[in-house]
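Those sequence lines, one after another, are chains A and B.
Just so you know, the first sequence maps onto residues 1 to 275 in UniProt numbering.
Just so you know, the second sequence maps onto residues 1 to 299 in UniProt numbering.
In short, the hints are calculated from the structure, not lab data.
A virtual CB, placed ideally from N, CA and C, is assigned to each residue, including glycine.
Treat the hints loosely; a few may be bogus.
[Stated by the list, open to error] Heads up, simulated DSS-like pairs for lysine-lysine below, C-alpha to C-alpha not over 30 angstroms straight-line:
1) Lys9(A) - Lys205(B)
2) Lys8(B) - Lys166(A)
3) Lys8(B) - Lys106(A)
4) Lys7(B) - Lys45(B)
5) Lys108(B) - Lys106(A)
6) Lys9(A) - Lys263(B)
7) Lys108(B) - Lys166(A)
8) Lys132(A) - Lys45(B)
9) Lys105(B) - Lys9(A)
10) Lys106(A) - Lys291(B)
11) Lys132(A) - Lys263(B)
[Unchecked claim] Computed Cβ-Cβ distance ranges for the label pairs, DEER-style:
12) Thr13(B) - Lys166(A): 17 to 25 angstroms
13) Pro253(A) - Ala241(B): 21 to 29 angstroms
14) Leu55(A) - Gly14(B): 55 to 63 angstroms
15) Ser47(A) - Gln289(B): 41 to 49 angstroms
16) Ala114(A) - Asp68(B): 24 to 32 angstroms
17) Asp156(B) - Val17(A): 30 to 38 angstroms
18) Asp68(B) - Lys166(A): 52 to 60 angstroms
19) His208(B) - Lys166(A): 41 to 49 angstroms
20) Asp189(B) - Leu24(A): 27 to 35 angstroms
21) Ile162(A) - Gly147(B): 55 to 63 angstroms
22) Val17(A) - Leu143(B): 18 to 26 angstroms
23) Ala241(B) - Ile21(A): 48 to 56 angstroms
[Claimed, not checked] Computed footprint of chain B on chain A, listed as stretches where at least three residues anywhere in the stretch have a Cβ under 8 angstroms from a Cβ of chain B:
24) 31-39
25) 48-58
26) 68-76
27) 153-167
28) 216-224
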Amino acid sequence: MKRKIGIGKALLYVVLVMYAIITLIPFLWALSSSFKTLEEIVSGTMSFVPKQFTLDNYKQIFVEQDLFPRWLLNSVIIAVAVTILNLLFNSMAGYALARLQFPGRKPLFLIILAVLMIPAQVTMIPNYLILKQLGWLNSYQGMIVPTMINATFIFMMRQFFINFPKELEEAAELDGLGRFGIFFRIVLPLARPALAAQAIFVFMGSWNDFMRPLIILSDPQLFTLPLGLNSFKGQYISYWNYIMAASMVFTLPVLVIYAFFNRYFIKGISFTGGK
Amino acid sequence: MKQTFTKKMWRETGSAYFLLSPALFVLLLFIIGPIVFAVFLAFHKVQLLGTTSFEFVGLDNFVRIANDTRAKIALWNTLKYVAIVVPCQTILALVLAATLNAGLKGQKFFRIVYFLPTLTSSAVLTLIFMWMYNQNGFINHVLEAVGLPTYNWLGDPDVALNAIMIMNIWSTAPYFMVIYLAALQDIPDSLYEAAELDGANAWQKFWHITVPYLRPVTSFVVVMGLIGTFQLFDQSYIFSAGSGGPNNSTLTVVLLIYQYAFKTLGTMGYAAALAFALAIIILIATLIQRKLSKEESLY
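The shape of chain B in the complex, shown without the other chains (with noise of 0.2 angstroms):
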């Protein structure tokens, strides 16, 4: 008895690393074979030229982050990105959700438009965007027409890195609005029936039942807004044809890592050693809205 069953455990587990191989393999060679190399790579100056060759600095690399003025721009520029679309995205996304959700014909209709952004890849709309912020375009005739100012949107770095988060709350939004309408369907109709009952206007209906009992998904529509935005690359990189410019103001930190890994010489492990310091901002940021949202649901 008990040798058949050994047989058979020894079959399933056979079975099974045959068909975890592929996933395994690509875990070792791609991800977790990587992630140790990357630990190296940060404490170590890597040379590319001709053979690639290593040598340990220590934690010189780390320590260039507090000097580089470069660096602190671009964590700055990322910061203030963050710190503005994920509200607004958040916010967008949960009011269009609300709406969609409130029973209107046609809704099937708009949502099917509204998730249009979401599938264009950033490179289109970048490109779009790029196109319509134009001086001599779009977007500032429309200004014109109804009298505020314009704005040399690509070229000036007051407004450039504001240019492109108008752009990317536009497009995040919709995907997460989608996110909100699955969860708004499992709120039971007799809450907000029990509220109108009380004599509750659409407003206090809204913001003493919606928004409360979609806290958990709104906890999770930020943390996923926080690690996005905290990447941001492609729109600054098309932008600026991977300057980080007009003057450093569409520098993110992951552009600032593209830049030294790929574009410098010499400066791929002092690159690898910002990533781990990105990696820790946003698990430190994730940690503290969770902290934040569990807070709130004391009360």
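Here chain A stands alone, though its shape is the one from the complex (with noise of 0.2 angstroms):
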């Protein structure tokens, strides 16, 4: 009996090890290729090891390229704005919808749900249109301003916040402190769990976002990371120790972030997962 459990856990980790190898492959092998010269790259090699270690598709990306420090500024800019906007608006409105009384809570509360339903496919054209009219096209504020709320993390905090005990904020309000007294100094900081799962989300979903900055932006200063890549691969066909080196640099902050936080996606994902 015993040695039957042996077998059958041995056989687990075959499948985990396996599965963590096919995983890790693609990254190992664009990070080896970034560091490979470009005769290597050609030549086909199946080695992990770079034959002759060098620097220079990193130095040509930054220094050559001179709008990839640009492509990489803008992707910081607009992810962070929209991460910040998002956090408060997104709990303002979840907050409202949670704890307060009002006429028509009920119907915004289920247009947001059925704003959930419809793909973006739906509103990609009109959108274009409305920020041609507006002249936001190739501009910062045609990529923060339609995407600073998200219907989904609306609907998390207002569930969070139905959840949230309400002893506290009637304490607050006995020592004096009005509704956005309550929500800023008491709320607020008490939601830090919530907030950081969702901005992790907000963050990584701009940090990625490939056809939005498609549709908005053509210039390629504006361009984000994404989009600039896509346009480096147009211009360096068969460069890819530049194109992994760049795709690698993209990366990293991500990873960095989730080294941090990753008990967070955990549990963001699991909060978003539909219970």
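Hints given; two lone chains; assemble the complex.
Structure representation (structure tokens):
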């Protein structure tokens, strides 16, 4: 009996390790390619260790490709602004829907739920025309304002605040704090776990978004990194060493955030995961 | 008494709408307004040259879908993609979650590793895979080494879509795995203990306890999977440099909508009609899924 369990366990380990290898190989291969010379890239060798370790690819993309730092900056500005605004506005809306009594509360909540079901493609074309009318194509605000709230996270914050202990707010009210004082000084600081999960998802969504910048931004100066990477690929068709170096630069910030906050990722997913 | 009550109510209403104002602004200007506008567009021919002009064309845009060969190809590609990717990624996610949940050491390490693809942007992943799919690239070398046939992954119309499928199953399964993992924590140990007393083996426990218990979660995962896969765009776009090639083999419905809306002149209204058609297809697919999963749960 005992031996049988041992074999079963070993089998499970084999499965886990195999899949870990399958997951890691593309990243390791990209990383190693980013340190190889063009010569080695073209020769089609299979070694994960570069024959001639070089940092030239990274130098090349930062120094020679003068727009690359600019794309990085654009991505950071847009993703950070979108994240901060989402945290604030989604919490405000979620709190109002969870705690305050006012006419129009129920229909509003239903509208937000309904919006969750509409695929982005339906609103994509009119959005383009509206932004064009506003003169917001090729601008930061064109990227930021339409995405500064998110129906999913308004819903999530509402669920969070509904389960939030009322006593604290009542005590604060007795101490003479108004609605906004209660919200900004008591409720919001205590909502940190929910905000952390939300921040990570909103940041990643904005950082990795491909379609919206593709439609809204046509000026290379304003490209975000995913768009820049794509145009980079068109420019250096077979210079995979450059493309991989650029991809690694783009991936690193998210990996760093993940390394520090990975427990919030897991929590956040199970939170949005329908329960 | 009544008056103070109304005063308080007024104040609360004011606070509520103040707190909701940014959300309402974006909702109206960039979501609800555009939905209404999209309905309008779908019934018009739109010209963007110089000043934007709209010409009412009735149902022409919808009729046109039926006669558009590329629309049929795009729909067929998308359906094929959905039909293969959704079951594969769901099963893979379930198996990985169950394996991770078996109480082995190092569970946390594996979970962190598995999650990596989910974090990485679609643009980066697509580029990494294009590099590996290269004719003289990593994947073909591995296939050759183990004696399997190699493919022209990017250039052969018969395999290009499969290349995207493999990549996306690999990159989305871990996300759903985490959802399954959370649900697995809720299964009471007593169920497994009782099954062990009855002499059930690991496979029987998985099949008769874990799988039925997770059915509501599976339903959620499948619906999310359907919605996501029907909207395939980034990967096809980058793979084919926006064309949907080789020979339309990676053309998806959303890529076609993008092309009609932004790459050809005078077809924006038609693109809006296609977008509605896609929304309806997604709705029908999720409704069918709901119905099926309800019928199953009767047993």
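Consistency of the hints with the structure:
Our distance criterion of 30 angstroms between C-alpha atoms is met by Lys9(A) and Lys205(B), whose separation comes to about 15 angstroms. Taken as a hint, the Lys8(B) and Lys166(A) pair is honoured in the structure, with Cα atoms around 18 angstroms apart against an allowance of 30 angstroms. Simply put, Lys8(B) and Lys106(A) have alpha-carbon atoms about 19 angstroms apart, close enough for the 30 angstroms limit, and the pair holds. Taking the CA atoms of Lys7(B) and Lys45(B), the gap is near 52 angstroms; set against the 30 angstroms cutoff, the hint is violated.
Between Lys108(B) and Lys106(A) the CA atoms are separated by roughly 42 angstroms; this puts the pair beyond 30 angstroms, and the hint is violated. In summary, the hint linking Lys9(A) to Lys263(B) is not supported, as the alpha carbons are separated by about 55 angstroms, beyond the 30 angstroms threshold. Proposed proximity of Lys108(B) and Lys166(A) is contradicted: the alpha carbons are some 35 angstroms apart, above 30 angstroms. Between Lys132(A) and Lys45(B) the alpha-carbon distance is near 18 angstroms, which keeps this suggested pair within the 30 angstroms criterion.
Our distance criterion of 30 angstroms between C-alpha atoms is met by Lys105(B) and Lys9(A), whose separation comes to about 10 angstroms. Taking the CA atoms of Lys106(A) and Lys291(B), the gap is about 27 angstroms. The hint holds against a cut of 30 angstroms. For a cut-off of 30 angstroms, the pair hint linking Lys132(A) to Lys263(B) stands: about 16 angstroms separates their Cα positions. In this structure, Thr13(B) and Lys166(A) meet the distance hint of 17 to 25 angstroms, their C-beta atoms being roughly 20 angstroms apart.
The hinted range of 21 to 29 angstroms is satisfied by Pro253(A) and Ala241(B), whose Cβ atoms lie roughly 26 angstroms apart. Hint check: Leu55(A) to Gly14(B), Cβ distance near 59 angstroms, so the stated range 55 to 63 angstroms holds. The hint said 41 to 49 angstroms for the Cβ distance between Ser47(A) and Gln289(B), and at roughly 46 angstroms that hint holds. Separated by about 30 angstroms at the C-beta atoms, Ala114(A) and Asp68(B) satisfy the suggested range of 24 to 32 angstroms.
About 32 angstroms separates the C-beta atoms of Asp156(B) and Val17(A), a value consistent with the hinted range of 30 to 38 angstroms. The hinted range of 52 to 60 angstroms is satisfied by Asp68(B) and Lys166(A), whose Cβ atoms lie roughly 57 angstroms apart. Here the CB-CB span from His208(B) to Lys166(A) is close to 43 angstroms, well matched to the stated 41 to 49 angstroms. At about 32 angstroms, the CB distance of Asp189(B) to Leu24(A) agrees with the hint of 27 to 35 angstroms.
Between Ile162(A) and Gly147(B), the C-beta spacing of about 59 angstroms keeps the proposed range 55 to 63 angstroms intact. The hinted range of 18 to 26 angstroms is satisfied by Val17(A) and Leu143(B), whose Cβ atoms lie roughly 21 angstroms apart. Between Ala241(B) and Ile21(A) the Cβ separation comes to about 31 angstroms, which falls outside the hinted range of 48 to 56 angstroms. Under a criterion of three residues with beta carbons nearer than 8 angstroms to beta carbons of chain B, the stated coverage of the segment 31-39 of chain A fails, only 1 such residues being counted.
Coverage of the segment 48-58 of chain A by chain B is violated in this model, with 0 residues showing a Cβ closer than 8 angstroms to a Cβ of that chain against a need of three. As drawn, the segment 68-76 of chain A meets chain B at 0 residues by the rule of a beta-carbon pair under 8 angstroms; below three, the given contact is violated. Coverage of a stretch by a chain is defined here by at least three residues with a beta carbon nearer than 8 angstroms to that chain's beta carbons; for the segment 153-167 of chain A and chain B the count is 1, and the condition is violated. Under the rule that three or more residues need a Cβ within less than 8 angstroms of chain B, the assignment of the segment 216-224 of chain A is violated, with 0 such residues.
Of the numbered hints listed earlier, those contradicted by the structure are 4, 5, 6, 7, 23, 24, 25, 26, 27, 28.
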